[in-house]
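There are 4 protein chains.
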Amino acid sequence: MKKIPVGILGATGIVGQRFIQMLERHPWFEVSWLAASDRSEGRDYGDAARWRLKTPIPASVAKMRVSAAMPENAPKVIFAALDSGIAAELEPRFAEAGCAVISNSSALRMAKDVPLVIPEVNPDHIKLIECQSWRRKSGGFVVTNSNCSAMGLVLALAPLHKRFELETVMAVTMQAVSGAGYPGVASLDILGNVIPYIAKEEEKMEEETRKLLGTLNGAGVTLAPFKMSAQCNRVAVEDGHTESVSVKFKKKAQAAEILEAWAEFSGIPQVQKFPTAPEIPVRYVDAVDRPQPRFDVEFGGGMTTTVGRLRQCAVLDWKFTLLSHNTIRGAAGAALLNAELLKAEGYLE
Amino acid sequence: MKKIPVGILGATGIVGQRFIQMLERHPWFEVSWLAASDRSEGRDYGDAARWRLKTPIPASVAKMRVSAAMPENAPKVIFAALDSGIAAELEPRFAEAGCAVISNSSALRMAKDVPLVIPEVNPDHIKLIECQSWRRKSGGFVVTNSNCSAMGLVLALAPLHKRFELETVMAVTMQAVSGAGYPGVASLDILGNVIPYIAKEEEKMEEETRKLLGTLNGAGVTLAPFKMSAQCNRVAVEDGHTESVSVKFKKKAQAAEILEAWAEFSGIPQVQKFPTAPEIPVRYVDAVDRPQPRFDVEFGGGMTTTVGRLRQCAVLDWKFTLLSHNTIRGAAGAALLNAELLKAEGYLE
Amino acid sequence: MKKIPVGILGATGIVGQRFIQMLERHPWFEVSWLAASDRSEGRDYGDAARWRLKTPIPASVAKMRVSAAMPENAPKVIFAALDSGIAAELEPRFAEAGCAVISNSSALRMAKDVPLVIPEVNPDHIKLIECQSWRRKSGGFVVTNSNCSAMGLVLALAPLHKRFELETVMAVTMQAVSGAGYPGVASLDILGNVIPYIAKEEEKMEEETRKLLGTLNGAGVTLAPFKMSAQCNRVAVEDGHTESVSVKFKKKAQAAEILEAWAEFSGIPQVQKFPTAPEIPVRYVDAVDRPQPRFDVEFGGGMTTTVGRLRQCAVLDWKFTLLSHNTIRGAAGAALLNAELLKAEGYLE
Amino acid sequence: MKKIPVGILGATGIVGQRFIQMLERHPWFEVSWLAASDRSEGRDYGDAARWRLKTPIPASVAKMRVSAAMPENAPKVIFAALDSGIAAELEPRFAEAGCAVISNSSALRMAKDVPLVIPEVNPDHIKLIECQSWRRKSGGFVVTNSNCSAMGLVLALAPLHKRFELETVMAVTMQAVSGAGYPGVASLDILGNVIPYIAKEEEKMEEETRKLLGTLNGAGVTLAPFKMSAQCNRVAVEDGHTESVSVKFKKKAQAAEILEAWAEFSGIPQVQKFPTAPEIPVRYVDAVDRPQPRFDVEFGGGMTTTVGRLRQCAVLDWKFTLLSHNTIRGAAGAALLNAELLKAEGYLE
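One line per chain: the protein sequences are A, B, C and D, in this order.
So the number in my numbering is just where the residue sits in the first sequence, counting from 1, plus 8.
So the number in my numbering is just where the residue sits in the second sequence, counting from 1, plus 8.
So the number in my numbering is just where the residue sits in the third sequence, counting from 1, plus 8.
So the number in my numbering is just where the residue sits in the fourth sequence, counting from 1, plus 8.
For reference, chain A alone in the conformation it holds in the complex (with noise of 0.2 angstroms):
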């Protein structure tokens, strides 16, 4: 089978650098295009990237030329890593000029025909890319992942979610420092500390859980009907978010049923053995001190969401503890697996 080209935009940032680190040896994608700022542009990516991850670059990488970030000539599958801001700019003129933009940015998750997917939780939401005026005019179309921090959470909440239905939901993030960007968080603001606070972060993870495990409802999704509020704060880890969860159902649930509804989970992506898909979506581990970002955020090659901790809340239900690789599942990870869930569906021929 020939791999389909891809291209990246935002490629010499740390979600960048990890679409590539995921891609090197793909066997669906190959990199064939690199696309960053202007600062970068015409630069051979080895020299433009200021690489952050522990394996090396890619040597046929390193070689490639950065491109402008501009359609003309782009391959027709892009993953888009870019600032929020650039991002509401950029990715609907690719989708124009007929690309399928697989994004990792905030900017259009909450646009109302624009699918917020999670493979494993609401693979069908992708039919709204038919609603998409590009779709229509070029054949392009963008599909989102979640924020970082909603990621794990909605991955752990999900198979709880249609087994019990949801009432409400707490979460408290202590989130790694990879999850700013290189250089992202100075060393100054969290060596020895905690900052309590990522601007619109709360916002995201409170509006992106609800599209996510929400009903899709012709042209748009129905947001699911629980309340949910989230307080993010950052630590010193590098990679990883740890979340302290507390939730209520509407169904009653024994702690026995919920650990079955995890370790039952399964998508699409696990039956039909996507290429990133992680055997285990959501692993609890059976500590009394764990999910931690040491030992646990490699697990599924950073594809799992592991969960611990589980006991009786005396608020609402039941409390836990889980982790997610904010690089890997919360971004280049998450848009990886779209596009394998794209391809699996024909949505990129």
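Among the hints, erroneous ones may be present.
The list cannot tell twin chains apart, which means a pair is met if one copy fits it or any two copies do.
As the list claims (entries may be wrong) - Pairs of lysine-lysine residues, derived as BS3-like cross-links and limited to a Cα-Cα distance of at most 30 angstroms, are as follows:
#	residue 1	residue 2
1	LYS71	LYS145
2	LYS135	LYS351
3	LYS71	LYS351
4	LYS259	LYS71
5	LYS84	LYS259
6	LYS208	LYS260
7	LYS281	LYS11
8	LYS256	LYS170
9	LYS260	LYS235
10	LYS260	LYS145
11	LYS235	LYS258
12	LYS145	LYS351
13	LYS281	LYS258
14	LYS235	LYS259
15	LYS235	LYS135
16	LYS84	LYS10
Bear in mind the hints are in silico, worked out from the structure with no lab data behind them.
Because the structure is a prediction, the values reported are computed rather than measured.
Put chains B, C and D on the given structure of chain A with help from the hints.
Frame of chain A, contents of chains B, C and D only:
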């Protein structure tokens, strides 16, 4: 005025060291006796203790001989900074011998006739002393302060509870490593990590908060009737527990009223100007990303609880972040303020 | 006595902030003018600066308007905390306009007629001022202090060089992130990491050390004739540069003599009791595992160099560890002490 | 080929865990026996050990019963990861009972008839085994590997010493906390700090380096005749010792020749393709700010020493930075490679 001689049980630990530091220039009390485990007994304190504070050991204390932990030659006022198991055995023994035991340990906090006190919040609870059998026999008694994670929370909640009546409290903590004592948390466990578990901490927070905000009721305390749920995490911070809190009140509260309640909050320690009392027990910082351990933990000499980020909660009514110094206000300073209250009320004569 | 009005060039940076902090209650100087980059010009300092110190912004300074970095309305005494490139352009302009420019920048440190001064070490070097063309034209001049990594080293070496004559110096540094300014070092670069490189730092250390310990020689300074090699590393420490040093002397030195040389070391700032002078410029800590940033960096208000672990070196003669506060003694405090020397010597009239 | 059963003394510690991890899929050896302190004896390894590695405990090992540390039922090949004091007592006992004791402990490293070996550097030293009285009596023997701080240094020096003859070596280390075992360094001691002291580490580095590069001489090793001085520091890094090194040679060396010596360096493990051997024992990274623990410590499976920043030294001849994984190449991996050498040379039959 002649200073009252005081002793310290558990003098070599992190909290014991804080006692010594805070008592160095105290106008009412002076350290005259130090006790620690068998290993330290008979040695000079300067040799026995692995001093971990930034100010040097007071010279007079460094040369003091560490005594056996027995009441025979101890002074009549004892600060106790013992592990819970040892405290359960030793504190009653000292009380029985006629000592005023001002304890930071958890062993007796929830005992029916033992006051759990924050002088700004529930000073009247010290009357429980009179219900103690030790008191009747020898004049001795035990008074306790709360767990370090409950302390900042209760200071922030007290003015709100008084004015709006709490119905529900949810708190997620990000706690400093000094809370685990020394050597305490291994560096391999916390560098670049979050540990979502502290043994018995959630239980302590939930019950102590309700006892502190409860009402004295003859020979005991009726717990405050709100629901409370806590989740406790350890982060790579040296000093200062940060907490993400959500609350629901019985009476409707406007943001301005909440800020006013905090601003106006004051108690006996402020009115009577106790030596260790902070001028401002609860301070609100009007900045989008505060409080932070780096900037706020030392405010008020570590005796002030700093609050910030008051905003509406989509589930309960309001949410906010608080920060409290865990080994000062949350331990040694708490006990010291209790001692000052006891002195002011005539219990140390 | 009326205070001398002073201005600060580069007032919003980390060192600029330290100047403001250290000048808050200074008996001789008062901040009357602040300048920073175009981005900050015209704004209130409190808005323009991202204040990163633990003490609050002095209220009077917070309300001060940030001026353009031009000498026209500036006071006659200027503290400069500029990046080297900008300093090379601005410092001469202010000197030419008649200002006493007391600079922390590296731009002019090694210029033949610019004194590089530590008041305890080479106060006589300020006479080079008279060789400056600015001085003759307008009365203005430039005086500099050393790089933060050279500062602690030279303070530790000066008493030894005087007594035993240095033949060889080798130093390896472990430098704090605040030395790189703000935002400076990205958290992703330093959490759990060591960066074995700081641009131009080794060269600065090597040449500045020899100029500071050199001898005034008409219109210039003859570098001290010892050999010097430096290796500079960045570590995850907030404030305080730790250095592992080995030295060889021309004259034989016993350990006791070295300790004596350090203990007796004192200079004009101590004799004349300059406001910013530490009582003890070089302190030896007699403990097997000190100095440590955690315990020793604030000693002497951050103006003392702490030395420890003196022991024989199997290659050179002696080795030891030193610690110096990089933004106080190594930057703002250094310049301030130079200003105090200039004032005492009549150069600020 | 049937695998050789091996035992691990000190199996629950950090290095013991690394042994288990590295032996999990080893083609020549399999873990058949585990011993640890009395506290662990008789328990399942999975319960007894506080597993601190990122990969999970091998299932077969988790269920293995921890034996008493006595040679009676132990296999004939023993990896020892014991504290020095206990090693001094137990290692001779196992050797006397006929075991091949492949030790990571420091107890016997400098003993006249005990080989201290790095297979790429001084494989001939294993012949010292024949001088051991245990060998003659029971066939048992002890072979040791070096301290973690000496290991990376010697690998980097060996090719240079062979070609240019070392005259002088100075090394300053910045060592990871895992080198101190678990719990090891308290978080309160290292967060935001540098500790300029590791007990006995400088002495070990200085003498072991010279023994490893020394020459076999009948019944002992003549230490290499260069001068060596080490200064050892602990920093807040999890894994990987970084070292700033300066060297002087007897023969003149050009930079290109040094790089060539490193590039060409290879030994028996590479030639015979030992399972644990890194393809590249010493790798030079041509980047201005490398090696760094974050990016380089895992190279070659943690068995490669990474070198960088080669530049002239104003005191000696050349200086450079090196990085070595302290619990892999510096401990368990070192012993394992020694075992592979012993196997290849017929000592394990």
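Q.
Flag every earlier hint the structure violates by its number, smallest first.
A. 1, 4, 5, 10, 13
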